[in-house]
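Protein chains in written order, with full-length UniProt numbering: chain A, 1 to 249; chain B, 1 to 518.
Hints are computed from structural coordinates only; laboratory data are not their basis. Do not rely on the hints blindly, as some may be mistaken.
[Claimed, not checked] Using 30 Å as the maximum straight-line C-alpha spacing, the simulated BS3-like pairs for lysine-lysine come out as follows:
no. : chain 1 : residue 1 : chain 2 : residue 2
1   : A       : LYS32     : A       : LYS73
2   : B       : LYS178    : A       : LYS32
3   : B       : LYS311    : B       : LYS369
4   : A       : LYS59     : B       : LYS178
[Said to hold, decoys possible] So the derived list for chain A, only partly shown, Cβ under 7 Å to chain B, looks like this:
no. : residue
5   : ARG49
6   : LEU69
7   : GLU78
8   : GLY112
9   : LYS184
Just so it is clear, CB atoms sit at the ideal spot from N, CA and C, and this is done for glycine as well.
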Amino acid sequence: MRTLAVYSMKGGVGKTATSVNLAYWAAQSGLKTLLIDLDPQGASSFYFRVKPAKKSWSKRFFKAYEHLLKQIKASDYENLDIIPAHLSFRHFDVILKGLNKRKSRLQKVLKGLKKEYDLVLLDCPPSIGQLSEAVFMASDQLLVPVIPTTLSERTFEQLHDFFKQERYSRKKILPFFTLVQNQKSLHKNLQEELRAKYPEFLKTVIPFSADVENMGEYRAPVDQFARNKPANLAYQALWKEVSSQLGAK
Amino acid sequence: MKGMQESSWLLKQQPDLDKLETRLLPWCESLSEEASTSRSIWLVDTFDWNLWRKKTALVYSLEAEDQKGLLTPLSLEGRPLKFPAAWLEACPAHWWQLPQRELRTFLEKRLEFSSLQPLIEISEQISHWACRDDEGKILVRLQIRNQEIFRLDAEETPHYHQFFLTCQPLRGYEQEAKRVKQSLASWLKHQALPLEPRKLYQLCGFDPASELLPKPLPLSAKSPTETLLRDAGRLLFAQMRRYEEGILQDRDTEFLHQYRVHLRRLRSIFSLLKGALPRQEGRQLNSYLKQLNQITGPLRDLDVFLLQRQKFLNLLPEAFRPALADLFVRVEQERLSAHQQLATQFLSSDYREACQWLGAFFTQPAQQKTPLGCTPGGQVANQKIWERYNKICKLARQVNTQTPDEDLHELRIECKKLRYLMDFFAGFYPSKPHQRKVKKLKRLQSLLGDFNDSSVQQGFLLERLEKDTTSDLDAALHGLITLLYQRQLDIKQKVVLELQEFTGKHMRAAFKAGYPKR
Numbered sequence: 001m002r003t004l005a006v007y008s009m010k011g012g013v014g015k016t017a018t019s020v021n022l023a024y025w026a027a028q029s030g031l032k033t034l035l036i037d038l039d040p041q042g043a044s045s046f047y048f049r050v051k052p053a054k055k056s057w058s059k060r061f062f063k064a065y066e067h068l069l070k071q072i073k074a075s076d077y078e079n080l081d082i083i084p085a086h087l088s089f090r091h092f093d094v095i096l097k098g099l100n101k102r103k104s105r106l107q108k109v110l111k112g113l114k115k116e117y118d119l120v121l122l123d124c125p126p127s128i129g130q131l132s133e134a135v136f137m138a139s140d141q142l143l144v145p146v147i148p149t150t151l152s153e154r155t156f157e158q159l160h161d162f163f164k165q166e167r168y169s170r171k172k173i174l175p176f177f178t179l180v181q182n183q184k185s186l187h188k189n190l191q192e193e194l195r196a197k198y199p200e201f202l203k204t205v206i207p208f209s210a211d212v213e214n215m216g217e218y219r220a221p222v223d224q225f226a227r228n229k230p231a232n233l234a235y236q237a238l239w240k241e242v243s244s245q246l247g248a249k
Numbered sequence: 001m002k003g004m005q006e007s008s009w010l011l012k013q014q015p016d017l018d019k020l021e022t023r024l025l026p027w028c029e030s031l032s033e034e035a036s037t038s039r040s041i042w043l044v045d046t047f048d049w050n051l052w053r054k055k056t057a058l059v060y061s062l063e064a065e066d067q068k069g070l071l072t073p074l075s076l077e078g079r080p081l082k083f084p085a086a087w088l089e090a091c092p093a094h095w096w097q098l099p100q101r102e103l104r105t106f107l108e109k110r111l112e113f114s115s116l117q118p119l120i121e122i123s124e125q126i127s128h129w130a131c132r133d134d135e136g137k138i139l140v141r142l143q144i145r146n147q148e149i150f151r152l153d154a155e156e157t158p159h160y161h162q163f164f165l166t167c168q169p170l171r172g173y174e175q176e177a178k179r180v181k182q183s184l185a186s187w188l189k190h191q192a193l194p195l196e197p198r199k200l201y202q203l204c205g206f207d208p209a210s211e212l213l214p215k216p217l218p219l220s221a222k223s224p225t226e227t228l229l230r231d232a233g234r235l236l237f238a239q240m241r242r243y244e245e246g247i248l249q250d251r252d253t254e255f256l257h258q259y260r261v262h263l264r265r266l267r268s269i270f271s272l273l274k275g276a277l278p279r280q281e282g283r284q285l286n287s288y289l290k291q292l293n294q295i296t297g298p299l300r301d302l303d304v305f306l307l308q309r310q311k312f313l314n315l316l317p318e319a320f321r322p323a324l325a326d327l328f329v330r331v332e333q334e335r336l337s338a339h340q341q342l343a344t345q346f347l348s349s350d351y352r353e354a355c356q357w358l359g360a361f362f363t364q365p366a367q368q369k370t371p372l373g374c375t376p377g378g379q380v381a382n383q384k385i386w387e388r389y390n391k392i393c394k395l396a397r398q399v400n401t402q403t404p405d406e407d408l409h410e411l412r413i414e415c416k417k418l419r420y421l422m423d424f425f426a427g428f429y430p431s432k433p434h435q436r437k438v439k440k441l442k443r444l445q446s447l448l449g450d451f452n453d454s455s456v457q458q459g460f461l462l463e464r465l466e467k468d469t470t471s472d473l474d475a476a477l478h479g480l481i482t483l484l485y486q487r488q489l490d491i492k493q494k495v496v497l498e499l500q501e502f503t504g505k506h507m508r509a510a511f512k513a514g515y516p517k518r
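Only chain A is shown next, with the shape it has when bound in the complex:
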C-alpha cells in the first residue's frame, strides 16, 4: 500500500480537484483506492456526493484503524472508497497535541488499511501544524500543487525550508503546476525559473479550466462530464506520472 498526500499550506490552489481526479484515475487503473478527506470543509466528500457521519468521531480518528474502517463509504465508482470529512476535523491539531507520539499517529492507523487498499490518498487542509507533520510522516509522496504566481512560489519555498529545518526527506515532495494560464507571461516565466531551481517539478501541468470549476455543479470527477477536455487529459497524465513515481519507490 502506498500513501499519497495532496498538500499545500496555501488555499485555493486546487488540492481538492487534484485529490478527486487522481483518486478517480487510480481506481480506474485498477488500484483499490481510499480517499481520506482530512479537510473539515469536506469538499472532496461533496464532489463524490458522500455525506459526512452525523456524529463527531474526530477524537477516535488517531486511536485505531478499526475506527477508520467504520467510516468508509463506497463511491459510485469501482475500486474507490471514501472517508468523508467531518466538521470536527478542524480540531485535529488540538487532538494530536494531546497525544504522545503524535507525529507517527497517522502513519500507524493507516498501516491497518494495507490489507484492503493499494493506495491511500489524503486530501489535506491548507495549514501547517500537528496534522500536517503527521501527514509528512505518513506519506510516501507529498503532491504539492503550485500556481505559478509569486505568492505560491513563496509558499512552496517555505515548505521546502520547513522540510529542511525539521529534517523531513525533501525527496517526498512532488510539486506540479496547476491553474496555469500560459498566455500570462508571469506564469510562463515563473514556471521556467522554478523548474530550473527545483528539477523535481512534474512534467504535467494542469491548465486553468472552467471544467474543473464545473466539478461543483456536476459533483463528479472531470472525466464524467468533460471526457475529451484538456483538464481531464491533464489529470489523467498527472496520475500516470505520479503512479510511475510511486511505483518506483
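Dock chain B against the given chain A, drawing on the hints supplied.
Quick look at chain B alone, frame taken from chain A:
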C-alpha cells in the same frame, strides 16, 4: 466482507419495473437504469464429472466484446471457492493451460489427464440499476438478469429462461441495503444465487450420479455368486462402453485409460471367481475380454510414454533434450496410426459381435451349474479375501532390496487381485474398517505401480535404442534409462518398508477380524 453479501431472487418473468419502483421509493429518492451488459457463461466439467464428484464446479464467463474471460471455481451451491479466478482467452481444456498457480494446482489434483468440456451455456443480459439519495449518491445497486440456458451435448435442446433480481450493498450503506433487501424479500419469495451449478445441472436434465458406476457396487451378500458376477459384469461392461465415443473422437487419453480400467476389473473378477461359471462359458468370456484388451493395448502403451514427455525432458540436461524431443514427435506419429487402427477395430463387425455376445452374457440369468456359482456371495467373500491376503503375506516374507524384479511383479499382480476382490465385495462390509484396509493397500499398490512403470518405461526405451540409432538419441536414451533404473532402486526400498507394514502384526489381525472364516 461480513454483512456485505449480495442477495438474489429467482423470478418467473421480467420484473414489473413500476412495482419495483413503488417498493423501493420509500427507501431512496430515485431508481434509474445505469447501463446494460451481456455475457456468455459456460459450466464445464469432465466426462466423468471429476469436479462434481468433489462437490465443485467451474464456470467460464466472457463479457461481450472482452478479449479474456474469467474462469471461476465454485461450490455446487454457487459459492466462490477460496482460489482466485483466472483470466483466460478461452475456456481451457486441461489444467496445464492455466497460468495461475493456486487454481492450476487445485485443478491438477482433480482433473489429472481428463479434459474439461462445456456442458451448459448461459446467455445472460444484465441491466444495472441504481437507487440514489437526495444528493444523487448511489446507495444500493440492483441488477436484473435475464438468462437463457441450454445444454451443449445435443443439437436440439430446449432453452430455459430464468430471471434474477440482485441487490448489491455498498460499503458504508449497509443500513440502506438492509431496508431495500427487506422490502424486496417481502415481495419476492424465492431467494437463490444466479449461478448455482447443482440447480443448473438439474434444470438441464443432467444426473451425474446415474452416469457413474455406484461405489460400492449395489450387490447383495445373499445373492448366488454367479448372479453377483453377471450383475457386476453388466454394470462394468456398460460403464466401459461409455468411453467408446470419446476414444473414437480422441478427446483425451483418459477415455481409453478408463475403458481399460473397467475392462481389467471385469476380467479380474471373472478370473478370480471363475469356478462360478461352467468351464466352456468361462473360456468364451475370457476369450472375448482378452480380444478387447489386445486391440486397445498398443495405443495405451504409446499414451503412457507420451504422457511422460515433460517429466523425461526435465530429467535430462539441456543438451540431450532435442534428440529426445524428436523421438516424442515420432512416437506421436505412431500414436496417430495406432489410434486409426483402434478406431477401425471399434467399427469392425468382430468388435460388434464381441460386444453383442458380452452384452447378452451379462444380462442372461444365472445358470447355477457349479457349486461356487450357487453359493451366496457373502459366504465366498471372506474366504477369497483372506486367501489372497495370506498369499501376499507369504510372498512378502521373501522380499528385500535384493529381490529380483519378477518377484515384485508377481507381488504387484497379487495385490491387484486382492484389490479387485475388496472392491467387488465392498458393499458387504462396514465401510470404514474395510476402506481403511483398502487405503493401505492402495498405498502399497501405488509404489508397486511406480516400480512397474519405471521397469516398463526402461523396456520401451531399450526397444527404441534398437530401432533409432542416431548418436544424440543414443546418449539421451542411455541417460534416461540409467536415471529410471536409479529411481526404480529407490522405489524398491520404499516397497519393502510399505510391505512390512501391510503384512505386519496389526494389519494381519485386522484382516483376520474383518474377514473371518465362516
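Hints versus structure:
no.	hint	in the structure
1	LYS32/A / LYS73/A	holds, 13 Å
2	LYS178/B / LYS32/A	holds, 25 Å
3	LYS311/B / LYS369/B	violated, 52 Å
4	LYS59/A / LYS178/B	holds, 29 Å
5	ARG49	holds, 4 Å
6	LEU69	violated, 9 Å
7	GLU78	violated, 11 Å
8	GLY112	violated, 15 Å
9	LYS184	violated, 36 Å
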